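**Q** Below are the chains, spelled out letter by letter.
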Amino acid sequence: MAAEAAITVDGLVKRFGDFTALDGVSFEVGRGEIMGFLGPNGAGKSTLIRILCGLLRPTAGRAWVAGLDVATDPEGVRQRIGYMSQKFSLYSDLTVAENLRFFGGIYGVPREALDGRVAEAIGIAGLAGRDKALVSTLAGGWKQRLALGAAILHRPSVLFLDEPTSGVDPESRRRFWDLIHDLGAEGVSVLVSTHYMDEAEYCNRIALINRGRLIALGTPHDIKQQAVDGELLAVEAGNFGRALAIVRAAPGVREAAVFGRSLHVVVDSAAARGPEIEARLASQGIAGASARRIDPTMEDSFVRLVGEAPG
Amino acid sequence: MTDAVVEVEGLSKRFGAILAVDGLGFSVGAGEIFGLVGPDGAGKTTTMRMLASVMRPDEGHVVVDGIDVLAHPEQTKRHVSYMPQRFGLYDDLTVDENIRFYADLFEVPAELWRQRAETLLAASDMTRFRTRLAGQLSGGMKQKLGLSCALVHTPRVLLLDEPTTGVDPLSRREFWQILYGLRAEGVAMVISTAYLDEAERCDRLALLHRGRLMYCDTPAGLKARMPGAMLEIASPEPRRLRDAVQGLPGVEGVLLVGIGAHVHVDDAAARLPQIAQALAAAGVETTRMETVAPTIEDLFVALLERGEKAS
Amino acid sequence: MRLRRVRAVAVKEVLQIVRDPRSLMIALLIPLMQMFVFGYGVSLDVKHIPLCVQDREASQASRELVRHFGASRYFSAPRPLAGQGEIVRRLDDGTCRIVLVVPADFSRRLNDTGAAAVQALVDGTDSNTANIAANYARAVLSAYSAGLRLDTVQRRGESLQTLSPVDVESRVWFNEDLESRNFIVPGIVALVMAIVGAQLTALTIAREWERGTMEQLVSTPVEPMELLVGKLLPYFGLGLMDAAICLALAVFWFGVPFRGTLFTLFFTTSLFLLVVLCIGYLVSVSIRSQVAASQVALLLTMMPTVLLSGFAFPIDQMPALVRGVTFLVSARYYVHILKAVFLKGSGLTALALPILCLAVYALVLVVLAARAFRKTLD
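Protein chains in written order, with the working numbering: chain A, 1 to 311; chain B, 1 to 311; chain C, 1 to 378.
Treat the hints as calculated values from the structure; they're not laboratory data. Fair warning: there could be bad hints in the mix.
Said to hold, decoys possible - 20 Å max Cα-Cα, derived SDA-like pairs, lysine to any residue:
#1 B:LYS223 x A:GLU171
#2 C:LYS47 x C:ARG109
#3 C:LYS344 x C:GLN290
#4 B:LYS223 x A:LEU179
#5 C:LYS375 x B:VAL63
#6 C:LYS375 x B:ARG78
#7 A:LYS87 x A:GLU236
#8 C:LYS375 x B:ARG173
#9 C:LYS47 x C:GLY114
#10 A:LYS224 x B:GLN85
#11 B:LYS223 x A:ASP295
#12 B:LYS223 x A:GLU236
#13 A:LYS87 x B:GLN85
#14 C:LYS344 x C:ARG211
#15 C:LYS375 x B:ALA281
#16 C:LYS375 x C:ARG67
#17 A:LYS224 x B:GLY253
#18 B:LYS223 x A:PHE259
#19 A:LYS224 x B:VAL63
#20 A:LYS224 x B:ALA234
#21 A:LYS224 x B:ARG173
#22 B:LYS223 x A:ARG261
#23 A:LYS87 x C:ARG211
#24 C:LYS344 x C:PRO224
#25 A:LYS224 x B:GLU232
#26 C:LYS375 x C:PRO224
#27 A:LYS224 x B:PHE15
#28 C:LYS344 x C:ALA134
#29 B:LYS223 x A:ASP198
#30 C:LYS47 x C:ALA27
#31 B:LYS223 x B:GLY253
#32 C:LYS375 x B:VAL257
#33 A:LYS224 x B:GLU59
#34 A:LYS224 x B:LEU70
#35 C:LYS375 x B:VAL292
All values derive from a computational prediction rather than experimental measurement.
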């Protein structure tokens, strides 16, 4: 395995009875890299994270985390990783400081270092001065940052985040990602799972996963470029129902669907077909229609790549 | 949108010290998809519950289909379908049995519901799963079954509380195509979502924040209110980029993303050269610099910031 | 109330019950187990009380007395003790519950005066057993002295009548053997029905809350009464099956004589079942967690039925205030009815009053249960 890789996954398979949760997944995560795992619920994201944390044994294939084989040395792996789940795993009837001291204790943070680390985590969470507040009184965004602070108390070199931003408002989500980027800059490798397609933007690289298989791996920009077979047009027209039928019959149109009150149309060339479609709609009595080129979204990529994948 | 099917005025609900919904007012017309958008805790679910008359507001009026919901909660229930977040499906009943149960509760004549069930299941590609237990369906299929149950009595108003949470993008698209079909039939729909990218599919949006309606407009109208523009700057050193750009005149915010940073500026044309100059001076390497369309999330954060500054 | 919606709810419940074989087994096995546990565990008969004897005389007369005790099925074979110290020790360690001390001058006094005293030391830690043991001891002694008196009289050539002018001959009706099981087992049927019945429905609403189906249910036009009837019907059927199991065990396994009619039995059982099902439903409506609802239902049915229904502890022996409270315990009427139907063969007319009480009780609970369910999440 490469010296620089913080996580190496090689042909990982996990079956639960007849059900194949992971079907030959391979990838690497470099030191300080933020890698996103994107997929719907049940795609295999949580199974993968649990195997990498040494909580589940793979059926086949191997995986190394921080240089250790997860199947043969799960305890060693657990010492070197931080894990934060979507439920945040905080005790709501303990205070901020009590929670952190507890997690520091179970992660085996040395006593003399504990006070400093707890103070640091409180700072990261932005909870300075509120260390005696009960966790149950905190809003979602604070809890999330506190959970992150707890997960990195023992200075792990690899951090796993399982759907960390579920139910957090957009501002808190942005602050959270700022913290993740800070960690990446310090050399911590981060593997994040999420089903929010737009969240992929925050990652250095993303892996799209569906039914236990990797269907794409690359930077968000690259993946979005493969999203559509051609270019994407947004067509605004008064009577979009009738416009849909007209657009579908137009030359160079590969796909067309209703999106809100407009149409999303995949064409071979946006520059050529845009004006053509506008003219065609006008000639059939739909005046004032406009067609402009738009960037495909991560969801567009996902839908297309899943559609292409065999099985 | 001449005749409002759902009218809400001064709606408030308090839970102890928390004002969950604070003086909400909006109206939804026949054949309109109205989106309630906001993070968890913004008051979406509470609002939905009050519209479905399963929760009584402390203050305000709700008129659904000409009937005052507060005065006659049971009367409105015949014309309204409510799909709560957890779908209300019985896991130990089959697909058919679930649909039949709701058909019976709404007293749909036997031939009519059989026919409707067939159409609904065919439209959502579920016909071959009719005898499967609901508990054994995937998230996407559960959601489509939930919708079929909600539609079996041909409601005039459809209330959907976060129907696409945790559902894969393919199912999500299919789901929206079904909603567009209902829109064409004149059904008024209120849909809540925490996925900001999904909000663009609605006809009109209400941005909710801490129980209050911050903005209410069409997605295009909301985007037009977004002050300034968004620049995407790709760089291998995003943190140095941020330090160099932050504080420049006209820069309203910098958000680190996987490939670099998103920089929110007041005027793209004017600021782009200035920023390029500043980055070159600081020696920050950049690979690409372009204006991108702001997402609804960008919009949300920008509008909230503006709202907070104003208040 | 629309029949169609009631049927929809009932059909749904039946499907859910049938699809969950584990809980169905529990619903049918628990009463079976409880019948055995309570049927064998609760008995007011005291037999083979450990008996020790200190015979300080060891005469023919004293040995004859001890033999009388040994022959009785109430006492174990007498165990001889040596001195005062051993008496205390044996009572302490529980080898003896009752010690019979025959004084050294027993025969002499008996011959001289025609009367002699023996001492019975009873371990009073279990006052119930102590009372019964003392009573049995008295009974054995009086039988012994009656025999003696007869001898004396015959020896003196006097007539029996002069000595015993009045002879009470008591006859026990309905439970001729005075077998306490005959009187307790019908009560246990009531106890088991109360516990199981309330458990059946305690989960039914709480489950809908826990699984999140309630939110959609309350958004439909279903009326509270329709929901109540639809939900109770299947459990009513299951409850009747339980009742059949319990009653069959009572008659065929425990051998309790059954003298009434099956119609009276099932009519009254249905009324009681309705009461306990409604109790469970009420609990389920007010407590939205299955575990908590199940515990509260258990507490609400088991405690009053055990203590206040008169199934084991006679109501007329209770203080007036407690006796007043028993009128609020539905099982009280059912226990009364069951005992009468089983042992006396009483019919509907003879039991009109308790049946009426039970019916009123059921009616009130049905109304309460229908009203308790509110179609709101507040």
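**Q** Each hint needs a verdict: does it hold in this structure or not?
**A** Consistency of the hints with the structure:
1. B:LYS223 x A:GLU171: Status holds; Cα separation ~18 Å.
2. C:LYS47 x C:ARG109: violated (32 Å)
3. C:LYS344 x C:GLN290: Distance ~41 Å between LYS344 (chain C) and GLN290 (chain C) Cα, so the pair is violated.
4. B:LYS223 x A:LEU179: violated (28 Å)
5. C:LYS375 x B:VAL63: Within the cut-off at roughly 19 Å; holds.
6. C:LYS375 x B:ARG78: Holds. LYS375 (chain C) to ARG78 (chain B) sits at ~14 Å (cutoff 20 Å).
7. A:LYS87 x A:GLU236: violated (42 Å)
8. C:LYS375 x B:ARG173: Roughly 34 Å separates the two Cα atoms, so the pair is violated.
9. C:LYS47 x C:GLY114: Outside the cut-off at roughly 31 Å; violated.
10. A:LYS224 x B:GLN85: It is violated: about 30 Å lies between the C-alpha atoms, which goes past 20 Å.
11. B:LYS223 x A:ASP295: Satisfied, since the Cα-Cα distance of roughly 16 Å is no more than 20 Å.
12. B:LYS223 x A:GLU236: holds (15 Å)
13. A:LYS87 x B:GLN85: holds (18 Å)
14. C:LYS344 x C:ARG211: violated (48 Å)
15. C:LYS375 x B:ALA281: violated (67 Å)
16. C:LYS375 x C:ARG67: It is violated: about 74 Å lies between the C-alpha atoms, which goes past 20 Å.
17. A:LYS224 x B:GLY253: violated (24 Å)
18. B:LYS223 x A:PHE259: Measuring from Cα to Cα gives roughly 16 Å; hence the hint holds.
19. A:LYS224 x B:VAL63: Given pair LYS224 (chain A), VAL63 (chain B) is violated - Cα atoms ~44 Å apart, limit 20 Å.
20. A:LYS224 x B:ALA234: holds (15 Å)
21. A:LYS224 x B:ARG173: holds (18 Å)
22. B:LYS223 x A:ARG261: Holds, at about 15 Å.
23. A:LYS87 x C:ARG211: Given pair LYS87 (chain A), ARG211 (chain C) holds - Cα atoms ~19 Å apart, limit 20 Å.
24. C:LYS344 x C:PRO224: violated (41 Å)
25. A:LYS224 x B:GLU232: holds (15 Å)
26. C:LYS375 x C:PRO224: holds (8 Å)
27. A:LYS224 x B:PHE15: violated (44 Å)
28. C:LYS344 x C:ALA134: This hinted pair is violated, its Cα atoms lying about 31 Å apart.
29. B:LYS223 x A:ASP198: Satisfied, since the Cα-Cα distance of roughly 17 Å is no more than 20 Å.
30. C:LYS47 x C:ALA27: This hinted pair is violated, its Cα atoms lying about 35 Å apart.
31. B:LYS223 x B:GLY253: With Cα atoms ~17 Å apart, LYS223 (chain B) and GLY253 (chain B) stay inside 20 Å; holds.
32. C:LYS375 x B:VAL257: Cα-Cα ~47 Å, so violated.
33. A:LYS224 x B:GLU59: The hint is violated at about 47 Å.
34. A:LYS224 x B:LEU70: violated (48 Å)
35. C:LYS375 x B:VAL292: violated (49 Å)
Hints 2, 3, 4, 7, 8, 9, 10, 14, 15, 16, 17, 19, 24, 27, 28, 30, 32, 33, 34 and 35 from the list above are not met by this structure, while the remaining hints are.
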